[in-house]
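K.L.:
As a plain string of letters, each chain reads:
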Amino acid sequence: MNERSQAGLPPLPVQRPTVQPVPPVGPWPGGGAAAWGPLPTQGMPSLGRVAFDSDTPGVVPMAIWGSLLSFLTLGIYRFWFTVKIRRELWRRAALAGSTFEYTGTVWEIVKGFLVALVILAPIWALYTLGTFLLPSRQYAGIAGLMTFVAVIGFVFFVYFATYRARRYRVSRTLWRGVRFHQTGSGVAYAFMNFGWWLLVPFSCGVSIPFARAQLERYRMTNTWFGDKRFESEASGSAMMPAFLLYLGLCLGPPLLLAILAFVTAGGLNHIGDQFGNLARFFETGDRSRGLPGIGMAFAVLFLGLAVFWLVAAPFVCWPIYRASEWRSFNERMSIGGVRFRSDFTAWELYTTYLVFLAIATGLMMAVGIVSGIIFAIALAAQMRETSLLPVLLIGGLYLLVLWGLSVARLKIFLFDLTGKLVRTTTVIGLERLGDTLSLRDKVGALGDDFSGGFDIGAI
Amino acid sequence: MEIRGPATYYDGLTPRMHEVALVLGIDHLTIRDLDGVLVSWPLARLMKLDVRRSELRLGSADQPDARLEIRDPRLVAELTAALRDLPKAPGARRSRALLAGGLVVAALVSVGLLVVFGIPAIASQLAPLVPISWEIAIGEEVKPQILDILGRSKQRGTCDSPAGVAALAKLSSELVEAADPPLPVQIAVIRTPVPNAFALPGGSILVLSGLIDKVATADELRGILAHELGHVVHRDAIRHVIETAGLSALFGLVVGDYSGSTIAVLTGRTLADAGYSREIEAAADAFAVTVMVRIGRNPAALGDALDHIAEATPHIGDQLTWLSSHPSTPDRVARLKAAARTVPPKTRLSEAEWAAVKAICP
Chain A
1 MNERSQAGLP PLPVQRPTVQ PVPPVGPWPG GGAAAWGPLP TQGMPSLGRV
51 AFDSDTPGVV PMAIWGSLLS FLTLGIYRFW FTVKIRRELW RRAALAGSTF
101 EYTGTVWEIV KGFLVALVIL APIWALYTLG TFLLPSRQYA GIAGLMTFVA
151 VIGFVFFVYF ATYRARRYRV SRTLWRGVRF HQTGSGVAYA FMNFGWWLLV
201 PFSCGVSIPF ARAQLERYRM TNTWFGDKRF ESEASGSAMM PAFLLYLGLC
251 LGPPLLLAIL AFVTAGGLNH IGDQFGNLAR FFETGDRSRG LPGIGMAFAV
301 LFLGLAVFWL VAAPFVCWPI YRASEWRSFN ERMSIGGVRF RSDFTAWELY
351 TTYLVFLAIA TGLMMAVGIV SGIIFAIALA AQMRETSLLP VLLIGGLYLL
401 VLWGLSVARL KIFLFDLTGK LVRTTTVIGL ERLGDTLSLR DKVGALGDDF
451 SGGFDIGAI
Chain B
460 MEIRGPATYY DGLTPRMHEV ALVLGIDHLT IRDLDGVLVS WPLARLMKLD
510 VRRSELRLGS ADQPDARLEI RDPRLVAELT AALRDLPKAP GARRSRALLA
560 GGLVVAALVS VGLLVVFGIP AIASQLAPLV PISWEIAIGE EVKPQILDIL
610 GRSKQRGTCD SPAGVAALAK LSSELVEAAD PPLPVQIAVI RTPVPNAFAL
660 PGGSILVLSG LIDKVATADE LRGILAHELG HVVHRDAIRH VIETAGLSAL
710 FGLVVGDYSG STIAVLTGRT LADAGYSREI EAAADAFAVT VMVRIGRNPA
760 ALGDALDHIA EATPHIGDQL TWLSSHPSTP DRVARLKAAA RTVPPKTRLS
810 EAEWAAVKAI CP
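Line by line, the protein sequences are chains A and B.
For the first sequence, the numbering used here assigns the number 1 to the initial residue and increments by one for each residue that follows.
For the second sequence, the numbering used here assigns the number 460 to the initial residue and increments by one for each residue that follows.
Pulled out of the complex, with its shape left as it was, chain A reads as follows (with noise of 0.2 angstroms):
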């Protein structure tokens, strides 16, 4: 039975098999009782982790060759490293035994890039004719309009490519000889988009864990394996605890820090007099009636952190709703009864961007060394102001701290932040797959190059 034709769609081109199929033989690997036998299966559904191998060296030579190679090609080079770091990525992760493959190829990328620049060149003309009207009188109504629409369909391009690019990437990626497609229209998924970030103001934001739920269905029901779907059960309701726990993180502290500083303060009176004193204290220099004192100064600490928070813990909380959405969404997604179970953690999240702001803290602050001993030595040999050579050498160091966050970039948030999503993962009762047909989507590599093209990893 095929399910594309169940959903409405036409079928996709079954591949015309050059020899005779033959019937299954061999277990999984390591599967011991979950034979690979004739459907239905018998016996219990199987267990199965998923690895990653962060082990076997190379990425980071890799990085330090792609990330220098793309700087001296201005960037023309990044086709190339594209296609290795995924292929290094996808062949790193397995799944019972079998690593997963890497098709696509950096001519499809190339013509992407170039069929997206066809579409982005009237935004950008539209855009620039819009900005560069703007200042006359005369057209600055339909000059403002031109630039409105320009920076909309800027946005409504990156959600199409974002969609495309997941496409073009999955439908490249191969495992036991079967690949993966993606339905859908990149189109509709733009306009969910937009939809759905108009209603955030009108919901106070409580419409985000719905909008991420919706658009993760979209996306996973419209993702299958050869002829079998995927199904999603992703639910926006089901995330509520999580999103208004993180909404109180974010509140409830300074909500806090602002009630005790009235507090300290000692109260609405109070802090009008000590305002009014020091008002008096400014202008005459008349400290008679005492000057704000101690509990304004706890006052004044307790509402600048209150701000700071309100400024930083959208970030620094997000990891414990991401964390916990990433487990939310496994579970109740599947295909052909086979389950998804995922164990990871705020923790793993949180542990990555330490150890990335580590690596970079440390780049710097040795480039502010470095730079200072440059510039001790410049003044020591009395050298002139309009001597190039420091100038050059801190501008050297500025590249390279660029290279090194690039490299550290790839390595931390690429490799082993995917390393930890992949092991964290339980598939349960594989075998049922086995009566998959391959199906092959030759869709080309639209958007890719302007999505962030290696978002797998970055969440």
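No wet-lab data here; the hints were simulated from the structure.
Heads up, a few of these hints could be off.
[As the list claims (entries may be wrong)] Computed footprint of chain B on chain A, listed as stretches where at least three residues anywhere in the stretch have a Cβ under 8 angstroms from a Cβ of chain B:
| hint | segment |
| --- | --- |
| 1 | 98 to 107 |
| 2 | 169 to 181 |
| 3 | 423 to 437 |
[Unchecked claim] Here are the computed distance ranges between Cβ atoms for each label pair:
| hint | chain 1 | residue 1 | chain 2 | residue 2 | range |
| --- | --- | --- | --- | --- | --- |
| 4 | A | G184 | B | R737 | 51 to 59 angstroms |
| 5 | A | I394 | B | G561 | 32 to 40 angstroms |
| 6 | B | R737 | A | A381 | 49 to 57 angstroms |
| 7 | B | V496 | A | F191 | 50 to 58 angstroms |
| 8 | A | V316 | B | G571 | 41 to 49 angstroms |
| 9 | A | T56 | B | G577 | 44 to 52 angstroms |
[Claimed, not checked] Partial selection, computed: residues in chain A whose CB lies under 7 angstroms from chain B:
| hint | residue |
| --- | --- |
| 10 | K84 |
| 11 | R87 |
| 12 | W124 |
| 13 | T128 |
Cβ atoms here follow ideal geometry from the backbone N, Cα and C, with glycine treated the same way.
Dock chain B against the given chain A, drawing on the hints supplied.
P.N.:
The following block gives chain B in isolation, referenced to the frame of chain A:
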């Protein structure tokens, strides 16, 4: 000689695993199980695919997505040695790599051609098409901002000694008449010690008082004003806007903003910008020569003025100077002096009037 051993085969149609035996012959790789031969792949169509380093994964161009996985260490070693010359993966095939490489070279060359020839050509074609009313509107928007930047300190502002303004108007009116600009020109002197002058979009020419101090004769000032009038007539301010937009499109949109390459892009833009302004300044100089000759003045005076400014600013300091935006002065001075010619002037500025211009900033 044949190589044989155990392997796992996926037929590319289902994810089912087939435990097989492989036989590598002279020109075919044969895959068989207990029931007989499953498939035989010609070596010419064989390819090596991505997998963990201790394993080998083979495919055939004849049977897309079918895979043969070899884990047995002895067999991996033997096959690796025997198949050393196989292409690694479809993406690494030489023809594709050459195509992509050629494309990159073509892209770099066309970026270069666009920067050197394309963008200036487009800008000079488009600039005359921009309606005068737009340029005036842009100028009205820009001028207060520029004046704000120049007039931050209390001592700065527009210089307006009545005698000086009147004398400057007399000096410039014949220049403006000879230049015949497409839009009304206003000339103002701003109190700032930097020796510089510039033309804003919309026909405003700002002369900084530092420049009034540096010029020795009225003709030198005429030369500089004629040069700035050249910018107004050529509509260089609008051209610059178009060129900047073109460069940011090229470097931002096409070349991409990839980590460190931002710096390379900025450097490229600055160099391209400097190159453009050199051509634009040369054109304005040529225009100044024509105007000076038309009103019967010595065009070499602009060269003298440049000399005086260059003497006053021996090296580029932290302030914007005439030199930084008007490059390669010695060349220009030489060219301007070559154009020297003495023609009887139409109107004269009295000593007192010239003194008033010099004292326009009391």
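K.L.:
When the hints from earlier in the document are held up against this structure, which numbers fail?
P.N.:
Violated hints (numbers, rising): 6 and 10; every other hint is consistent with the structure.
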